[in-house]
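Peer 1: The listed protein sequences correspond, in order, to chains A and B. The letter at position 88 of the first sequence is residue 1564 when you use the working numbering, and the numbering goes up by one with no holes. The letter at position 87 of the second sequence is residue 100 when you use the working numbering, and the numbering goes up by one with no holes.
Think of the hints as simulated: they come from the structure by calculation, not from any bench. In this text the structure is predicted, and so the values were computed from the model without any measurement. Any given hint could be a false lead.
Derived Cβ-Cβ restraints for the label pairs, each shown as a range [as the list claims (entries may be wrong)]: (1) B:Phe-99 / A:Ala-1533: 54 to 60 Å; (2) B:Lys-72 / A:Asp-1664: 34 to 40 Å; (3) B:Arg-17 / A:Glu-1584: 21 to 27 Å; (4) B:Phe-32 / A:Lys-1681: 53 to 59 Å; (5) B:Phe-99 / A:Lys-1688: 55 to 61 Å; (6) A:Ser-1566 / B:Phe-57: 46 to 52 Å.
In this text, a Cβ means the ideal position worked out from N, Cα and C, and glycines have one as well.
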Amino acid sequence: MIHTLEADSITLEFGPRLILSDIHIQCRTGEITGLLGRNGQGKTCLMRILFGDLEAAGRSVRFNNIPVLRAYKHPELLTYLPQFNFIPESLTLQRIFSDFGLEFEELEQRFPQFRVRQKSRIGDLSGGERRLISIYLIIRSRSRFTLLDELFSHLMPIQIDKIKELLQEERANKGFLITDHLYRHITDISDKFYILSGGRTHLVKETEDIEKLGYARL
Amino acid sequence: MKFRKTIRLLLTFYKNFFFFSFLMTLICMGLFREYGMSIFSTLFWLKLSTLGLTIVVIKSYKNKEFYYYQNLGLTRTFLWVSTLGFDFILYLFLLTGIHLLSAPHGIKEPSAAGTSYVVAHPAISLIHNLYP
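So that you can see chain B by itself, here it is in the shape it has in the complex (with noise of 0.2 Å):
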């Protein structure tokens, strides 16, 4: 019951930013899914850095609310390592996907000529072999 609770909270505290942080994350997958693994510092820093950003703006304009958590048991740290840490895996995980997807045949590698071939990945080559 408790743990339902608390799940309950952190979903009410994670809807505060959920829109905007995953219009970041469909923004970053289509990047992604045009320059693939060039950009992919530029994106993990620029997504960190809209974190930062939020948890900016929430203190600003939420900063009352934070005693409804406390009152109930959650402190402010909890609700920001929960939410901001799920919102991250999430993020990569979607990436991952995205870039598992969108390289049929494996993943580009550059090769001694400079000229780039493709390393089929395990799990896309075992996808084609089942379904050819």
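The shape of chain A in the complex, shown without the other chains (with noise of 0.2 Å):
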């Protein structure tokens, strides 16, 4: 059975500055949906109201179109990896697997760097290793659909393929939305990709939509 996330009528102000006014956005899942858009548009604060924790003036926000404001109390609805470390420092790495009911040898098979380390603490392990353990997890989270916030930021190209390759694994489980400044990455593996530009999501045809709505050179 397909699942849908979709997402309309959001309007998100700061102070008098209009961020997202004319929003429709829908996932399923088995699909990769792609966010584009210029720094400052909102795709942070758009997925951050789709996981229900920002509020905005509007939204409607709808799982199977049942609505639900806060999916952050749905864990298996939906996850979202932030474009940040979130786990916190102390925990080691068997800890936080078993948090999220996932096997660690599964790990150390996909990435060898972390064979037998998984009494390591997250605050010991390097800024990327650290980002490749949280999208990792957030991945392969029991959810219907993830968000993933500036997926390929501080990763290797090694690893990022790998990422590709386990997204394109998980993608058979839940639908996914991601952003990255990496577009070409964006572009490679999804199904159908947004911009956002002026407030508005744009579904993109052609590819030359993403130079014309002013996101990249082509």
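Bring the two chains, given one by one in their own frames, into a single complex with the hints.
Peer 2: Given below as structure tokens:
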């Protein structure tokens, strides 16, 4: 069965500045949906509104047409990877994987640099390693949809390829909404993508739209 | 299993401010032992304000970590209510304990003549009768 996550009628203002005004976005399980946009256009705000973590003047967020305003109360529906490290530094990898109900051995197989490091604290890892662990956990989390903000930042090219492989595998189980400025990776793996510009979402039909909407020079 | 996991996550969150909070509790216990009921309301508000300060500090320095708990189904409100609630109940429990232990013959009550006399607390009397 295909599930949908849909959002529209979102209005977000910061003082006199209108950030989001005419939003329509739809994600489905089994699909990867990309979200591109220049800095300050409201990509992170939109993700936080979907997650229910940021209040907006108006918003309609629906899972299978059922409104869910605070999706963060339902991790079985939605999980969210913020663009910063969010895992408490004192926790060991073993503990983190136990919290998320995941097998550490699977991480070891995919990323051998973590072999025999389950007792390491997350605070003892390098910035890139921490980011990799956060990304892996959220992608593999048992939810119907997952929001991934600045997915490829701080990762080495070889790790980016492995994360893309992981996404392709996991899409069978869930739907993804991803954003990053490394837009070629986003366009590579996305089934469809939106550009956020002037407070509106534009569903991109042709790659030339990326240039027309002022996001990048092709 | 889910209950155990929730308790473990709450303990992880509580560890962020346990030492500071417990230190405050110990200080308040010392003051309460010294000055008795006359200082109770001051200590009550002092503890509440330190809990308020805890919220401000944790929100400033650990704000990003809330996403860890949220991705596991624990909301910010649940985390705060559970840990601060437990901490405050522990505080009241310890204060009551110190009050009972520091008044071996009961609680001092002022008399009409202005002098104080001791009313034996039932629990203390019972202990004294059992172990004279």
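Peer 1: Confirm or reject each hint.
Peer 2: Now the hints, each set against the structure:
Distance hint check for Phe-99 (chain B) and Ala-1533 (chain A): the Cβ-Cβ separation is about 36 Å, which falls outside the suggested range of 54 to 60 Å. At roughly 39 Å, the beta-carbon separation of Lys-72 (chain B) and Asp-1664 (chain A) lies within the given 34 to 40 Å, and the hint holds. The hinted window of 21 to 27 Å between Arg-17 (chain B) and Glu-1584 (chain A) holds, with their beta carbons roughly 25 Å apart. At about 58 Å, the beta-carbon gap between Phe-32 (chain B) and Lys-1681 (chain A) stays in the expected band of 53 to 59 Å.
For the hinted restraint 55 to 61 Å between Phe-99 (chain B) and Lys-1688 (chain A), the CB-CB distance of approximately 57 Å keeps it satisfied. Roughly 32 Å separates the CB atoms of Ser-1566 (chain A) and Phe-57 (chain B), a value that falls outside the hinted 46 to 52 Å.
Hint compliance for this structure: hints 1 and 6 are broken, all remaining hints hold.
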